[in-house]
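Since chain A is already given, all that's left is putting chains B, C and D on it; use the hints.
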Amino acid sequence: MPENLLEVNNLKTYFFTRSGVVKAVDDVSFTMRPGEALGVVGESGSGKSVTALSIIRLVASPPGKIVGGEILFNGENILEKNNDEMTELRGSKISMVFQDPMTSLNPVFTIGYQIAETVKRHRKGISNDQAWQRAVEMLDLVRIPDARRRAKNYPHEFSGGMRQRVMIAIALACNPQLLIADEPTTALDVTIQAQILELMKGLAKEFGTALMLITHDLGVVAGTCEHVIVMYAGHIVESAPVRQIFQTPAHPYTIGLLQSIPRLDEKRGTRLTPIPGQPPDLSREIIGCPYAPRCPRVQPRCRQERPELKPVGRGEQLAACFYPS
Amino acid sequence: MDMRDREIQPASPLIAPDTNLMVPAEPELLVETPGVIPETEGPKERKPVSPLRESLRRLRRDTRAMVSLGVIIFMVLLSLFGPFVYQHLGGIYDSPDNGPIPATVYRTFYHQELSRQDELPSAQYWLGTDDLGRDILARLMQGLLVSISVAVLVEVIDITMGILVGVLAGYFGGWIDQVLARLTDIIFAFPGLLFIILLTGIFGTWADTTLSNVPIVGPNGNARLLLVSAALALVSWPLMARLVRGQTLQIKEQQFIEAARTAGSSNFKIIWRHIIPNLFSIVVVAATLDISNTIIGEASISLLGLGVQQPGSSLGLMISEASNAVDTHPWEVLVPSLTLAILVLAFSFLGDGLRDAFDPRTKD
Amino acid sequence: MIQFLIKRLIGLVFVVIGVTFITFIMGYFAPGDPIRTMLGEHFSPQLYAQLRHAYGLDLPWYEQYWNFLVHLAHFDFGYSFKTQGRPVWDILKDGVPVSMELALWALVIYLLIGVPVGIISALKANTWVDTLNMGIMLVLYAMPIFVFCVLVQVLIVFIDQETGANWPVANWGTPWHYTWTDIQFKLAPVLVFGLAGAAYFARITRTSMLEVMRQDYIRTARAKGLPERLVIYRHALRNALIPLITVTGVTLGFTITGAFLIENIFNIPGIGTITVSSVLDRDYPVIQATAVLLAIGVVLGNLLADIAYTLVDPRIKLE
Amino acid sequence: MAQQQMATSTATGTTLVEVKGLKVHFPIKGGLFNRTIAQVKAVDGVDLTIRRGETLGLVGESGCGKSTTGRAILQLIKPTAGSVKLNGVELTKLPPAELRKKRAEMQMIFQDPFGSLDPRFTVGQIIAEPLENFKRGNAREIREQVAHLLEVVGLNPYYVNRFPHEFSGGQRQRIGIARALALRPSFIVADEPVSALDVSIQAQVVNLLQDLQAEFGLTYLFVAHNLSVVKHISDRVAVMYLGRIVELAASEKLYELPLHPYTQALLSAIPVPDPEVEARRKRIILEGDVPSPVNPPPGCNFHPRCWKAQQICREVTPLLEEKERDHYVACHFPG
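Residue numbers (UniProt numbering), protein chains in the order written: chain A, 1 to 325; chain B, 1 to 364; chain C, 1 to 319; chain D, 1 to 335.
Here chain A stands alone, though its shape is the one from the complex:
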């Protein structure tokens, strides 16, 4: 058994559109240990969702295509698997929960059916009854009251928060080793977000499932994850244990993000420090550090060379910056 559950090396996923090649994920590498909770933070267009979809190989193609790198899951390269092997893996070893619970469930099937279907697909020789039993069990686990009766209901009879619980039930039904949650609470209200995060955290621990939580909300990762990756313009700019990301951020972008969001516990009268400008257009060739045009610490070198992700300071903290703080 390899030490790492997941090892992504130099992943490149490009979108071939009419207006040019969009390098959505460009040379991304990271690892995940079994049972680890990893947060992937970034703004829209930073490549975090595409990274996740690449791991489960669901990037819409065309126009998307994984053009390089390798994704080792339990030591095996996912990118070399054929379609059948891949469908074996999806939903059983690697599962995914998506952003919008309102549209992620099929409206014409009962939720019980949609959970049982996954179980039937991955547990050879299980009977319909047993699969349904498992579905009810899972609904119970995600704390849907009156699970036995509710399993026979259709998705439209559930609220957004409830549907996201169902999605989690589907994802965890086969005890996966890795659960990828792509902005699972963005579409939900804060009080519901708290419920869902709590539930996901608890169940992932209970099942021993590694959790990859993708979000744009730094607060969400602070309370949920052990390790954090910050993405910008298709690159990982910083990677560190959660405490270091927040206490000693090294990359100017991470620092910028932390200073630009208002905090509930801040003192009155503080002023936000915005990041000037816009993220770059990924369909154009970017020379040098993609953050250079917005960076307050930019040096001539940053505009010519692309910095590699390198250890900074102590321990496991990595940053892709020539002049980390």
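These are calculated hints, taken from the structure and not from any lab test. It is possible that part of the hints are untrue.
Here are the simulated lysine-lysine pairs, DSSO-like style, with alpha carbons at most 30 Å apart [to be verified]:
hint	chain 1	residue 1	chain 2	residue 2
1	B	Lys-252	D	Lys-308
2	A	Lys-81	A	Lys-65
3	A	Lys-201	D	Lys-102
4	D	Lys-102	B	Lys-252
Predicted, not measured: the structure shown is a model, and the values here were computed from it.
Same frame as chain A, now just chains B, C and D:
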């Protein structure tokens, strides 16, 4: 009307509009639209691109639509100037029946040269003659003129009434909306073709006698055309109005309408400056596609003997006359049929192209 | 459900009243006098007055209309003008089965050819298969149906001449009978009619299928590890077919009208042919009856579609 | 009591907007004859005063009626009942023409940076529209004002002839702000102005709004679901739940000492970007979902999710009362 109508306006809101869906939008890339002006860069020399200009640029790249547009322009020019040119290209013909006659006589759509029936194309009759010895090309050009005139007339009424009633019903709701809803219910249940058949059948002879003295539209068996156009417009505008109404409801929900109200704009100004301009694309597409229906409608009515009368010409009438001799002279039925098919297809292709060009989902 | 049915039946009555009113008013204000036309050379004032009374034409228009509605409620369409004294139903009853037969087979072709072609196109979207399919479908769909008829006739003539076959160019066999001769008569019009509609269905199916394939729940189905076959046939198709139900419902009624031109060109003795000849003869009772029949057909088609909807889509509950 | 308290603060002359008993009910039609079979009680009795020059934050979860309240104050939605006074003028009873004139004093900034700008207008036309409506100068003067407004919101006036789709979300939001400022209003309702923007852009817009307030002496009603942002920008914050205000206090105070159980749960649910803080915090996880505003629970409408609920909460609707100085709460058992 056949079921074509409902492609423009689906009977149920649950039917997705029949647009050509391109590749699914990639999840994370949508926010960054190409052409976004980076704040950090200085002003660049580039013309502002209006949404309309962008759509036209997309249309220009659509070969099929552009070929169709070319065909349509050619047919319009042919119907308007074709007869004049054609009649000046032929010389004097010494007719066994009528003596020497110039091309301005024998190349008219109504001149019968009974000694020259059912001929194949020749130097004198470029597309041959029909069973009464009339010049098929001349009749074809006249038929095209009829088709195009009816289409223009019907679309003018269709668009005017459709926008007027549709916008009022969508924007204000109330009784106009109720009346429109009931009207379209009836139109949907009352087959348009039957209505037109009824109207032209019942009032046809009246039109023949009353309107035949009206200049331009009256003579040469065209007296019923106004009636046919009125009937076609009558069944088509409620559908246009319904489409406009639906679109108006959607635009009305957009925040820029609320913003205009906050800016102190009156209802009239909001409708005139914000709603109607934003209806432009959908109305243009619907009208283009509806022209096909109108042309088919007129041809159908003439085909059934209820539209243009002898000695007049219409593509439908030509097909109807020639179809009796389909087994002996297939050429005579093929010429008007194929012309009609090409004309109608051209409008359909152009309409499809326009829809793709205007649909932001196909934006590159 | 009951409430929904009541609502729709009220709507049906409303539409029938609207349709009959339009046809009635048009007939009432039409120039010319049907009785005078009917009598022709044999005109005599007494006979004229007598016939006018017999047809109820001496009453004010609203009483005439009311009488018509009352008779209609008893499924009595009145008597024809042209063939004096012959009940309208007697004239229509031969045409109805013919038109229904034509429409039914056409519908079968819509579904059996249109839907699969649409699905294949959607799954192969933007490949040459799709382009070819949709090109053919667009031509079939946009071309005037009578031009299509004529082209087929020309083709049959050509084949007959070249091979010495004796395939008929027009007419209809015995309704609902399928001997080889019957099939020879029926095949061409049914195919023409069916393919034109199939093209429409193919386009709608393709659009609907593509729309569904973009949905998040399809991605969920894939993320669950379902093989693509199940994703398409279990998760996508069922949702994609929902809009088709409405289209089918609406089409039921419109199919009858589409038959107008086909019947006339192929010389098929259906409702369409009867209607056109009665219009030419200004036989109003027959015209009104066909209009009512068609309207009821359309509304019932829609109603059936609405009911079928609730069976397929759990989101829709009839109030 | 509370009503009187509020009334006295009006008397001091610092009140710009005064809202009393505001209700917005939307009918649901259905049944055999399309009668109104139910009401969505989107806003169900809201009292508010907004002081001149302050920012009043209005927070709540989706469907709580906060946006509807903002729109009803501006008379973009006709209130079902209640009164709205701007500068002492009753707005709900103004005839349409008078109301249009009044719009120069009250403006709105919208949530959707894509939908709030007419795609067929150029930036110049968008910003000029209010100026033209109120005849603020001839064509040349309006052009100059537009250019100035663009500079004020940090956009290059060079782009005046561009169309909205050529700008990014943040830039579009600036265009919307320029339009709202054009008539020099005293009162602006900002409806989720940053929630559609990326986090790094949000701060730019928040700072801009603050700068403009200082420069032009604006009064904001800042409607948002993000409590961190609301707290940052607001002087006072009102918390809404199911069409009613449950708590209103100075923003520091509300955060430090929330009195209503819902506010307490809401605050504890908001993640703080600091793992140390997160590790120490105790979360109140609310059970269940927000009930439907068609059939709100009787009494205090929060009682089905409240851990403090007693019999009285199920029967008697608590009024918004001043429990501490300038701290209003609608709860039978606050604290």
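Status of the hints after comparison with the structure:
Of the pairs offered as hints, the one joining B/Lys-252 and D/Lys-308 is violated, with about 44 Å between alpha carbons and a cut-off of 30 Å exceeded. Taken as a hint, the A/Lys-81 and A/Lys-65 pair is honoured in the structure, with Cα atoms around 15 Å apart against an allowance of 30 Å. For a cut-off of 30 Å, the pair hint linking A/Lys-201 to D/Lys-102 is broken: about 52 Å separates their Cα positions. For the suggested pair D/Lys-102 and B/Lys-252, the alpha carbons sit about 22 Å apart, so the restraint of at most 30 Å is met.
Violated hints, listed in ascending order, are 1, 3; each of the other numbered hints is respected by the structure.
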